[in-house]
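Student: Got chain A; can you put chain B on it based on the hints?
Here the protein sequences line up with chains A and B, keeping their order. Quick note: the first sequence uses numbering that gives the first Met the number 0, first residue 0, plus one each step. Quick note: the second sequence uses numbering that gives the first Met the number 0, first residue 0, plus one each step.
Any given hint could turn out to be false.
Quick partial rundown of chain A residues pointing at chain B, CB under 7 Å, derived from the structure [said to hold, decoys possible]: (1) Val20; (2) Leu35; (3) Pro238.
Treat the hints as calculated values from the structure; they're not laboratory data. Note that the Cβ used here is the ideal one computed from N, Cα and C, for glycine as well.
There are 2 protein chains.
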Amino acid sequence: MTLQIKLESRTIDKVERMRKVYNFSAGPAMLPEEVLLQAQAEMLDWHETGMSIMELGHRGPEFKRVAEKAEADLRELMSIPKNYQVLFLAGGATTQFSMVPLNLFDGKRSADYVDTGIWSKKAIAEASRYGRVNVVAQTQHQDRLDYIPAQDQWTMNEDAVYLHYTPNETIGGIEFQWIPQTGNVPLVADMTSMILSRPVNVNDYGIIYAGAQKNIGQAGITVVIIREDLIKEPLPKTPALYSYKLHAEHNSFYNTPPTYSWYISGLVLAWMKHKGGVQAFYQQNLRKAKTLYSLIDQYKDFYISRVHPDCRSLMNVMFHLCNETLTPHFLEEAEKIGLTNLRGHRVSGGVRASIYNAMPEDGVNMLADFMMDFARRKG
Amino acid sequence: MTLQIKLESRTIDKVERMRKVYNFSAGPAMLPEEVLLQAQAEMLDWHETGMSIMELGHRGPEFKRVAEKAEADLRELMSIPKNYQVLFLAGGATTQFSMVPLNLFDGKRSADYVDTGIWSKKAIAEASRYGRVNVVAQTQHQDRLDYIPAQDQWTMNEDAVYLHYTPNETIGGIEFQWIPQTGNVPLVADMTSMILSRPVNVNDYGIIYAGAQKNIGQAGITVVIIREDLIKEPLPKTPALYSYKLHAEHNSFYNTPPTYSWYISGLVLAWMKHKGGVQAFYQQNLRKAKTLYSLIDQYKDFYISRVHPDCRSLMNVMFHLCNETLTPHFLEEAEKIGLTNLRGHRVSGGVRASIYNAMPEDGVNMLADFMMDFARRKG
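Isolated chain A, as found in the complex:
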């Protein structure tokens, strides 16, 4: 991708000032500056068509190009094998909480679910409406730390129609550092908050799905990577648009897709390729997470992580101040210097730094400096 920035220097200056705001929102989240600049430059004239990409019919040759390029880039970035279809569907991951059971349940067998937090629980609640669900493992708590039990402690069912898990939980900040082994049982993963943050072997999965608003683009579109043998007739009375089969048969063009969201996803995927691909981001993400977790551990009388070091999230660094009365001051001071949206989820409280692919290392370093300074002043 050639990032041709066509804007005037005044605008660029402004951008440089602006990006001194580092947005740690859990999602919708920060996007790469280059992507926003390109979207801005092309807003009224996409590739000399005289039109915005959002004005172009989804069945025209222009949007087809955008759609196909986005899929090709995602396939390349994740090395997606040919026997997997890639769908770009309207809505977020919550849509998939219904679609997975509606499309995989067969009216006989049950499904296995792993419960590691709030997003797992939502997926479980929805699946339970369509068939029998077994919760085969749950986050455990020991020595004040949350951890994911090793797989030999799970109560898996060999004849499960699938096993569903959430590799990363944004609210608790807990992440699998390993891939469950499920034998012939298809593994289904809600990768919304960690897709493209680290290498995965797609062959290990039956279905991977991810809402775009963290590592792929803007809210309103979800990527589904599905092994072809899992595409079949859904349960009776499944709404038309909840059928993977229908979408697969129409290459996600059965009805009007969210074209602009798809386009933004394409810009992000091209940017990732340009920047070295998943491996490069993984290395950067390891450095970013290490910077913050090391500081938390170093100032352990002031900051506390409640997640076991073996399953700390690369993407959502969740911590508390030991003296919780200082949390509002921490958030207020951070906000003032341009470190925004650090408040933890209302369920968990505390502080959450979401550091997806688009968060520059500078932003993380600035946060670490602030945390150190704050701890020294208030500790």
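Tutor: Then chain B, alone, in the frame of chain A:
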């Protein structure tokens, strides 16, 4: 709304050149130039937050403002009474083909549907999967013209749970010029292709829904205006996100909504208010449609409309060349002078000029001039 255009003059010059392309696409469709300019200007810094609106969390105060303003403007533009809820939902109108029956069927009574074209038929096919559907009227054909039968010829059911119709059919270019009278039976309308193009009395309807990509904004979001007494538990096993009740209880914030699409809708709605509201657009739309239909009638040996004058669409002017072998030349020549996407739908063939609110009168006049010139040269 103040449209503060912050871009450099070079960019603006370019815009003026660009808008010499008039895009007659049926949807996604042309957007107002002012809206695109504002979205462009705000792309990297929405209201001095230092962030794009697409990077901001949906539960933060910034996006809440955007969401509430869009709803307030829509309520004002359409004079929506207080006993109606306004929902902004992910997906397009096809989603509503399932949601309407899933939420209104009661397991006992049947629903009435009016079939005036391809979109009606799709709605009927989907509703038939959830309950008994009676097609109470269909487009008729007489003297080579399609027309909608008068209501005294319909076979309505007094105890129907609702009556569904499609006020405007984009593919056939056929539009109701009157509102069905259904007594106590709630009237449900798919207004995707005509919402905000003419005044409607919301009180006449139980539910109005409209995909955004024609008169409201970009693809990926749908507006639902629903009378509160119709909000109830959906049929069992309805997917969570297909429940109006759930969305109404959470003000469309149950899960992450398509925030950027919502924002663009807000810009379009504010632009409409700024330009005089629905009545002003209605007058302009009447003039635009009259310009084209008059020309078709004037050159009746060359162009033919197959829709009865009583139900010609204001938004989608559908016609054929009497000598169909000339159609490819017509489309090619039009394209060359910047009149794009005039090809009729593959089902209907011919020519279709979609002239939604954002299509300037200049664009329609330019098309009329071209049509006249082409007829004189080739006729």
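Student: Going through the earlier hints one by one, which of them does the structure break, listed in rising order?
Tutor: Failing hints: none at all.
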